[in-house]
Structure formats: C-alpha cells, structure tokens
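Chemist: The chain contents come next:
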Amino acid sequence: MTSVQEKPTRTRLISGPGMLLVWFYGVMVVGAVSRSVFQIATEFDRAPLAYSLSAVAGVVYGFITYSLVRGGERARRAAQWCCAAELAGVLIVGTWTLVEPSAFPDATVWSDYGMGYVFIPVLLPLSALYWLRKNRTVTQ
Amino acid sequence: MLDALTLVTGVAALLLAAWCGWAAYRDQPTKDWHFIGMGVVSLLAVVQLVIGIVQLARGEKPEQGTTIFVAYLLGAFACVPAAGFMSLAERTRWGSVTVAAGGIVLAVLEVRLYDIWGG
Numbered sequence: 001m002t003s004v005q006e007k008p009t010r011t012r013l014i015s016g017p018g019m020l021l022v023w024f025y026g027v028m029v030v031g032a033v034s035r036s037v038f039q040i041a042t043e044f045d046r047a048p049l050a051y052s053l054s055a056v057a058g059v060v061y062g063f064i065t066y067s068l069v070r071g072g073e074r075a076r077r078a079a080q081w082c083c084a085a086e087l088a089g090v091l092i093v094g095t096w097t098l099v100e101p102s103a104f105p106d107a108t109v110w111s112d113y114g115m116g117y118v119f120i121p122v123l124l125p126l127s128a129l130y131w132l133r134k135n136r137t138v139t140q
Numbered sequence: 001m002l003d004a005l006t007l008v009t010g011v012a013a014l015l016l017a018a019w020c021g022w023a024a025y026r027d028q029p030t031k032d033w034h035f036i037g038m039g040v041v042s043l044l045a046v047v048q049l050v051i052g053i054v055q056l057a058r059g060e061k062p063e064q065g066t067t068i069f070v071a072y073l074l075g076a077f078a079c080v081p082a083a084g085f086m087s088l089a090e091r092t093r094w095g096s097v098t099v100a101a102g103g104i105v106l107a108v109l110e111v112r113l114y115d116i117w118g119g
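Chains as they are written, first to last, in my numbering: chain A, 1 to 140; chain B, 1 to 119.
Okay, chain A solo, but in the shape it has when bound (with noise of 0.2 Å):
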C-alpha cells in the first residue's frame, strides 16, 4: 500500500472492471494451485503431464494477479504477455486433451478448453488482454 502513496502516477489497473478481473483472477491462483499441489503430493505418478500443467498455470495466474494490483505500465505490459501465453496454454491444452486424451488420464485446469471451469481459464485471458490493452499509457 506504500507503494502506492510514493508514487501516485503508477496506472491502476483493479479500477472499474479490473476489480472483477483481480477477484476471477485470485479464485483461479486458488482453484489451480491448491488442487496441484494436492494432487503432486499425492498422486503425482498418476498424471505427472497433467498435474505439472496445473501447478504453471497457478504460476502464470499468480504473477498476472500481482502486475493487476501492482499497477504501472510495466507492470501491465508483463501482464499483457502473460495473459497471451495463457491463452496459447488453454487452447494449445485444450487442443491437446481433445485430440489425445491418453496423455492426460486425469484433468487439468486447462482440459477441454476450461470445460470444468465453466470456460472461465478461456475467457478470461480474451477479457484481461481487452482490459490492459485499454488501459495502456500512450506517454514517450
């Protein structure tokens, strides 16, 4: 919060619809990450390719949760390239469990195109990439 107040010009980025984007963020850090590390502590021989998949995609929704409240252009422009990268993960994955479902014996976060997740993992990224384009600063 300190931060903040030292300097004032940073862009914020969870104003208006960024808040929501922040809070969908925030259940997937959950969602993904808990359940990976449930299932690599105990299952991980299971679905290895699976559960390692879930457990970088808690990573990539992390740090976009944290360039979101961090704000600043910087900030946003890791953020721009992380949702793009999550995007080619959830249709490269998703593309993935449907024309080969034996590599994947279990789900991940990003099967079928986010299917168990009520498309959110697709969604999102298309939404979030909207968002920060908007928001960029046309300054230097």
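Calculated directly from the structure, the hints in this document are not laboratory data. Computed from a predicted model, the values in this text were never measured in an experiment. Be a bit skeptical, because a hint or two may be false.
What the hints assert, rightly or not - Subject to a maximum C-alpha distance of 25 Å in a straight line, what follows is the list of computed DMTMM-like cross-link-like pairs (lysine to aspartate or glutamate):
| no. | chain 1 | residue 1 | chain 2 | residue 2 |
| --- | --- | --- | --- | --- |
| 1 | B | K61 | A | E43 |
| 2 | B | K61 | B | D115 |
| 3 | A | K134 | A | E73 |
| 4 | A | K134 | B | D27 |
| 5 | B | K61 | B | D3 |
| 6 | B | K61 | A | D106 |
Claimed, not checked - Residues from chain A that face chain B, not an exhaustive set, calculated with beta carbons under 8 Å:
| no. | residue |
| --- | --- |
| 7 | P17 |
| 8 | M19 |
| 9 | L20 |
| 10 | W23 |
| 11 | V27 |
| 12 | S34 |
| 13 | F38 |
Unchecked claim - To list a few chain B residues with every Cβ distance to chain A over 12 Å, as calculated:
| no. | residue |
| --- | --- |
| 14 | V47 |
| 15 | I68 |
| 16 | I104 |
| 17 | G118 |
Ideal placement from N, C-alpha and C gives every residue a C-beta, glycine not left out.
Given chain A, put chain B in place with the hints provided.
Modeler: Frame of chain A, contents of chain B only:
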C-alpha cells in the same frame, strides 16, 4: 444436517449474487444492506465449516477424501468476505459485480462440497 446446510448456503449465495447483480444493473455500489447480506452468507459458511469439522472429529469420512473436503470448506468460508473487502475498495457498480461473482463462486463450491461429502 450438513447436506441441508450446504443447500441453504448455496441458495443464500445465489440470492446474494442476484441482489448484488441487481445493484450493479442499477449502477450502484454495494451498500450497508448488501454487507449485512454478505454477513449472513458468511455466517452460514462459518457454521458449515464448524459442523463439517465436528463431523470429521466424530469419525465420519467424506466420500472423496478429508483433505479436499477441508480445503473446500475453507474456500467456501473465505469466498464472500474476500469479495466483500474488494467491493469496499471499489465503490462503483463493479464492486457489486465482484460480490455477485463471489456469490456464484460460493454456490459452485457448495455443489462441489455436496459431491465431496457424498450426500
């Protein structure tokens, strides 16, 4: 007992979501009455957490595992208060939308809790 409470909490969460969604539709931030509503839903989640733990202590086993059950109980407990604090920081309609989303997430968690307990 736990199943009934899960149902009541889920329905209350949906009502809260509809109520805050209505506030957002009318372009209003969350107000005192909404926070009282969030308090009621949170209280239900606390009671659920306590009863769930008591059931576990009495030796009953959730169908899909104790760890997952406790994790979901904690998630359900934290869900609405977290959304409530975020709506305190965002005094526009988007704060209301956030609480509405929180209510929907809690309702989903309740459905999962019902499955995990094996009701």
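Chemist: Hold the hint about L20(A) up to the distance rule: shortest CB distance to chain B must be less than 8 Å.
Modeler: Nearest chain B Cβ about 5 Å off; hint holds.
Chemist: Has the given pair, K61(B) with D115(B), been kept, meaning a C-alpha gap of at most 25 Å?
Modeler: holds (13 Å)
Chemist: Under the criterion that the straight-line Cα-Cα distance not exceed 25 Å, is the pair K134(A), D27(B) satisfied?
Modeler: Roughly 21 Å separates the two Cα atoms, so the pair holds.
Chemist: Is the Cα-Cα distance between K61(B) and E43(A) 25 Å or less?
Modeler: With Cα atoms ~20 Å apart, K61(B) and E43(A) stay inside 25 Å; holds.
Chemist: Grab the minimum beta-carbon distance between G118(B) and chain A and tell me whether it stays above 12 Å.
Modeler: Correct as stated: the minimum Cβ-Cβ distance to chain A is 18 Å, above 12 Å.
Chemist: Checking the smallest CB distance to chain A, is I104(B) really beyond 12 Å?
Modeler: The claim is violated: I104(B) sits with its nearest Cβ about 9 Å from chain A, within 12 Å.
Chemist: Between K61(B) and D106(A), is the straight-line Cα distance small enough, at 25 Å or below?
Modeler: holds (23 Å)
Chemist: Against the 25 Å threshold, does the CA-CA distance of K134(A) and E73(A) hold or violate the hint?
Modeler: With a Cα-Cα distance of about 12 Å, the restraint between K134(A) and E73(A) holds, given a limit of 25 Å.
Chemist: Holds or violated: is the Cβ of V27(A) closer than 8 Å to a Cβ in chain B?
Modeler: holds (6 Å)
Chemist: K61(B) and D3(B) were given as a pair; does the straight-line alpha-carbon distance stay at or below 25 Å?
Modeler: holds (14 Å)
Chemist: Compute the least Cβ-Cβ separation between V47(B) and chain A, then decide whether it is above 12 Å.
Modeler: Fine: 22 Å to the nearest Cβ keeps V47(B) off the interface.
Chemist: Does the claim that I68(B) lies off the interface hold, with its Cβ farther than 12 Å from every Cβ of chain A?
Modeler: Given that some Cβ of chain A is not farther than 12 Å from that of I68(B), nearest at about 7 Å, it is violated.
In terms of the numbered hints stated before, the structure departs from hints 15, 16, listed from lowest to highest.
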